[in-house]
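Chemist: Chain by chain, the residues:
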Amino acid sequence: MSHELCSLSLTAVRDLLRSGEITAVSATRTCLARIAATEPKLHAVLHLAADAALAEAARLDAAGPDPDKRLWGVPVLVKDAICTKGLPTTCGSKILENFVPFYDATAVAGLKAAGAVILGKTNMDEFAMGSSTENSAYQTTANPWDVAKVPGGSSGGSAAAVSSGQCFGALGTDTGGSIRQPASFCGIVGIKPTYGRVSRYGLVAYGSSLDQIGPMTRTVEDAAAMLTAIAGHDPKDSTSAPEATPDYEADLAAWAGKGDLAGVRLGLPDEYWGEGVDAEVLDCCRAAVDAARGLGAEVVRVSLPHTPYAVATYYIVAMAEASSNLARFDGVRYGYRDASATDLAGLYELSRAKGFGPEVQRRIVIGTYVLSAGYYDAYYRKAAQVRRLIRQDFLDAFASCDVIVGPTSPFAAFGIAEKTEDPLQMYLSDIFTISLNLAGLPGMSIPVGLGAKSAMPVGLQLFGPAFGETRLLCTAKAVMDAVRPPMVPRGI
Amino acid sequence: MSRYEAVIGLEVHAQLRTKSKIFCSCSTAFGMEPNENVCAVCSGMPGVLPVLNEKVVEYAAKMGLAVGCRVNAASVFARKNYFYPDLPKGYQISQFETPICEHGHLAVTVDGSEKVVGITRIHMEEDAGKNIHSATENASFVDLNRTGVPLIEIVSEPDMRSAEEAVAYLKALRSILVYLGICDGNMEEGSFRCDANVSLRPFGQAELGTRAELKNMNSFRHVQKAIEYEIERQADLLDDGQAVIQETRLYNVDKGVTASMRGKEEAHDYRYFPDPDLVPLVVTDAQLAAWAAELPELPVARRDRFVSQYGLTPKDADVLTAERDVADYFEETARLCNEPKKAANWIMSELLRELNQAALTAAACPLPPAHLARLVTLVESGKISGKIGKQIFPEIFAQGLDPETYVDQKGLSQISDSLALESAVDRVLADNPDEVAAYKAGKTKLMGFFVGQIMKATKGQANPALVNELLGKKLA
Amino acid sequence: MDVSPEFAAKIATLARLRLDADKLERFAGQMGDILKYMETLAAVDTTGVEPLYGPVAHVSPTRPDEVVRTCTRDEVLHNAPETDGRFFIVPKIV
Chain W
1 MSHELCSLSL TAVRDLLRSG EITAVSATRT CLARIAATEP KLHAVLHLAA DAALAEAARL
61 DAAGPDPDKR LWGVPVLVKD AICTKGLPTT CGSKILENFV PFYDATAVAG LKAAGAVILG
121 KTNMDEFAMG SSTENSAYQT TANPWDVAKV PGGSSGGSAA AVSSGQCFGA LGTDTGGSIR
181 QPASFCGIVG IKPTYGRVSR YGLVAYGSSL DQIGPMTRTV EDAAAMLTAI AGHDPKDSTS
241 APEATPDYEA DLAAWAGKGD LAGVRLGLPD EYWGEGVDAE VLDCCRAAVD AARGLGAEVV
301 RVSLPHTPYA VATYYIVAMA EASSNLARFD GVRYGYRDAS ATDLAGLYEL SRAKGFGPEV
361 QRRIVIGTYV LSAGYYDAYY RKAAQVRRLI RQDFLDAFAS CDVIVGPTSP FAAFGIAEKT
421 EDPLQMYLSD IFTISLNLAG LPGMSIPVGL GAKSAMPVGL QLFGPAFGET RLLCTAKAVM
481 DAVRPPMVPR GI
Chain X
1001 MSRYEAVIGL EVHAQLRTKS KIFCSCSTAF GMEPNENVCA VCSGMPGVLP VLNEKVVEYA
1061 AKMGLAVGCR VNAASVFARK NYFYPDLPKG YQISQFETPI CEHGHLAVTV DGSEKVVGIT
1121 RIHMEEDAGK NIHSATENAS FVDLNRTGVP LIEIVSEPDM RSAEEAVAYL KALRSILVYL
1181 GICDGNMEEG SFRCDANVSL RPFGQAELGT RAELKNMNSF RHVQKAIEYE IERQADLLDD
1241 GQAVIQETRL YNVDKGVTAS MRGKEEAHDY RYFPDPDLVP LVVTDAQLAA WAAELPELPV
1301 ARRDRFVSQY GLTPKDADVL TAERDVADYF EETARLCNEP KKAANWIMSE LLRELNQAAL
1361 TAAACPLPPA HLARLVTLVE SGKISGKIGK QIFPEIFAQG LDPETYVDQK GLSQISDSLA
1421 LESAVDRVLA DNPDEVAAYK AGKTKLMGFF VGQIMKATKG QANPALVNEL LGKKLA
Chain D
2001 MDVSPEFAAK IATLARLRLD ADKLERFAGQ MGDILKYMET LAAVDTTGVE PLYGPVAHVS
2061 PTRPDEVVRT CTRDEVLHNA PETDGRFFIV PKIV
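Chains as they are written, first to last, in our numbering: chain W, 1 to 492; chain X, 1001 to 1476; chain D, 2001 to 2094.
Among the clues, some could well be false.
[Said to hold, decoys possible] One side only, chain D facing chain W, incomplete, derived with CB under 10 angstroms: (1) 2011; (2) 2012; (3) 2034; (4) 2037; (5) 2040; (6) 2050; (7) 2053; (8) 2085.
[Claimed, not checked] For lysine-lysine, the following DSBU-like pairs were computed, each having C-alpha atoms within a straight-line distance of at most 30 angstroms: (9) X:1215 / D:2092; (10) X:1130 / W:85; (11) D:2092 / X:1456; (12) W:94 / D:2092; (13) X:1215 / D:2010; (14) D:2010 / W:85; (15) W:354 / D:2036; (16) D:2092 / W:354; (17) D:2036 / X:1255; (18) X:1130 / W:94; (19) W:354 / D:2023; (20) D:2092 / X:1130; (21) D:2010 / W:94; (22) D:2023 / D:2036.
FYI, nobody ran anything at the bench for these hints, they're computed from the structure.
All residues carry an ideal CB built from backbone N, CA and C; glycine is no exception.
Please model the complete structure; the sequences and the hints are all you need to start from.
Modeler: So, in structure tokens, the structure goes:
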């Protein structure tokens, strides 16, 4: 099949599948061929389930197109942090090498119920801890725009796969920007939904109070379609929101007829538009805001005054939760067990020392420390208090605007191995994405062009109030349609 | 030893009688094949999440209401972090800063005087699994069937001053749990477990001494012995000018002593923090009111009613209300025979002994209340003697027999026919002329001899009152 | 705060990680930097601020007390590094 099919949007392919112009098997074969052609350079896929995907596609074809299934026959990939029944789920970690869950994550069940064909699992920073996908125990994924550069992280495999046309959409996970930052680095669309909007059941936990699963696609409509398939209340997740779930795709289509942004107030936080942001990033983002203004949007200044404390707050909370969440990887019931262990202490300490990579170990140790007796109040409790202030900043800002916008990352994709030495500097680069997770609000990143200096994609980030996904999608579509960023990566 | 005052606080873990586990839908059934009652959630698979069993909340709140606790409108689950193979997630979900119930109390009676023991808190948590250690291989076997079975932990204030008070408190607590129907109270199977914090201080001193935590006590007797031993041990140390070390000590059943776990237990740092997978638990006033309305009559109220309604002594009422099943058995028997005091005596002297020997609860009693009621009626109407009644009790108890049928079949009815008895009396007097002469000469103690002989001749079936009356007449 | 390799080792043991001397040395330095950065929070006045442990607005989702069997023992034991088909097996706990 042709390369062009691969570059179509998810919704366009879905419509072709629905009308019977192409079959699920042919769509799947197209993606498998694209994966085969690009993987030697990209290393985006960790586990390819070619046979299972083809069998599922054939089963769908035999039954015929189902218009009630939103993603009927559409090949997708899933980040390896999300459990897939019968398919390896390693979280990019040696400690879960060979782990095969006997259950599907609710989001995966949602994809399957919508008729999607799961091609396999994508690479990631180990346990989603990282911003470059270089912390995978298995492979380093390249950016499709320039294979010498990182795709961002931790959902770098999903971002690279979607950008390069290996699939029409992929699931990512976002604890502190892990969907939005790689989406921005790879020039695609990524949504971090409101906390509780998509079930976390089956998502291997990193920071439980921060984690969300979300769609990564090439268009805003695709993201809306995929989000509709995975969102909703799940009785298996106590933090799952009881609020009714809209049909985002239909709501976006209904709004698209209008097309302009009249009456929409865009809030630009002072803290996101100044110092520390590369000029090329600011230029692209400003151009996008100008385009929005051209569509009738009103631009207002807002402030998120606790932004300087967001990185410290975020890492205390995330590491503390991670230290506890990752205690279950002990070599007893699944995963890596060190063969040389002869006693219980050895079983634990050696399996975990050899099974986890250095970044994971670092976060577990610091997380253990901030929860330990005598330090809890100064670190964890303090961070939880500042977290409330950070959330309040957003609530205050939304009193004077409808959507907050700013750069997703202070810079475009950097070179592989360029920033691996200093963990603190790597953490600091998450400054624009982490506050949103602390506040539990929805956000998305959309491509708004290539940086003048790096010629790499730049992402604009949009934040909304809780359950304001529809508002984000509509605004994002208007901006992207106006900006028309280049979408075909030149690196492969 | 008398120079010191013992200060005792108890931590009780009660396993709740729910059908499913606290955070997943696995069965709590006991005695299954290993790892059969286990799913992705309770085995701590990656990515799974807990969802709270509503019945656990109801049971914990009901226990709180029963012991006068404040039930918190919002309570928080926390993670207690430590590593052990029977703890799949590497943390136990419990409650820490904000438990569901706080500030209760329980009144107990020891040696006739009442003592009020404060209850600090009651919180919900999940049980751990079981590790089985191989005797021959270098291996331990992990069974997660019990993992996630719901528990409540009931923590007392350090208000008890003796082993007797501690045991009285435990018995009262257990009794309430069983009355509420939320725990089976079985100490041997571990559904009712107790740890004791014991310290000593000189009389008159307000400040508490260094405490030892006692574990591994599987019966009330163990609790009593272990605390008594520990009080003596600490008193000896203090007498010798030595310090008590704060530590965990295991009770050794065979030796009757407590021994330090030192070396086997490292210093713990549980790193409690609110479990981000669970949201605050809110209990509404409406829920509380509904649960309060469902509370059954509790042991103390029932005891008081037994005294006023049935005319029992407080002591007897205590014995009969200690176990809900026994109290139910008594009330049914009393209703059927309309002789509450007699029914009470039969239950306390005969039934409880037989139940104890057969290691049965009153609920599993083979002799139904209707049969005991009939036995009471048989004795009270004079159809059989009390002595015969006691003689046949073990057999009718074990077989669950109807005493009336049994008495008829065995021909055990009391001889109350004065003509039939008179001939027996005459025969005995005729056979023992020397004793008759001696009696008449003033040796009246021989009356007992004649009664015995007549009872022997009638195989115990003679009505004793009638025998006495006839003898009195004949020997006058 | 400054973190010594010995202190890092103590915390690592609490987290059941047996790290070699080189790694502890490196970790201690990085931990010190990171913790120092985290201590910037001390500058924020949080007097009277209720901690926010999670962004969820709803309360008390519970489930009915019903038994549902969701998997088999074979599935539960399938990924175990060591099992006899009935138990998970670990080195003897002394």
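Chemist: Next step is simple, just say for each hint if it's right about the structure.
Modeler: Hint-by-hint comparison with the structure:
no. : hint            : result
1   : 2011            : holds, 5 angstroms
2   : 2012            : holds, 5 angstroms
3   : 2034            : holds, 6 angstroms
4   : 2037            : holds, 6 angstroms
5   : 2040            : holds, 5 angstroms
6   : 2050            : holds, 6 angstroms
7   : 2053            : holds, 5 angstroms
8   : 2085            : violated, 14 angstroms
9   : X:1215 / D:2092 : holds, 22 angstroms
10  : X:1130 / W:85   : holds, 28 angstroms
11  : D:2092 / X:1456 : violated, 68 angstroms
12  : W:94 / D:2092   : holds, 25 angstroms
13  : X:1215 / D:2010 : holds, 28 angstroms
14  : D:2010 / W:85   : violated, 38 angstroms
15  : W:354 / D:2036  : holds, 28 angstroms
16  : D:2092 / W:354  : holds, 21 angstroms
17  : D:2036 / X:1255 : violated, 54 angstroms
18  : X:1130 / W:94   : holds, 28 angstroms
19  : W:354 / D:2023  : holds, 12 angstroms
20  : D:2092 / X:1130 : holds, 13 angstroms
21  : D:2010 / W:94   : holds, 24 angstroms
22  : D:2023 / D:2036 : holds, 20 angstroms
Consistency note: the structure conflicts with the earlier hints numbered 8, 11, 14 and 17.
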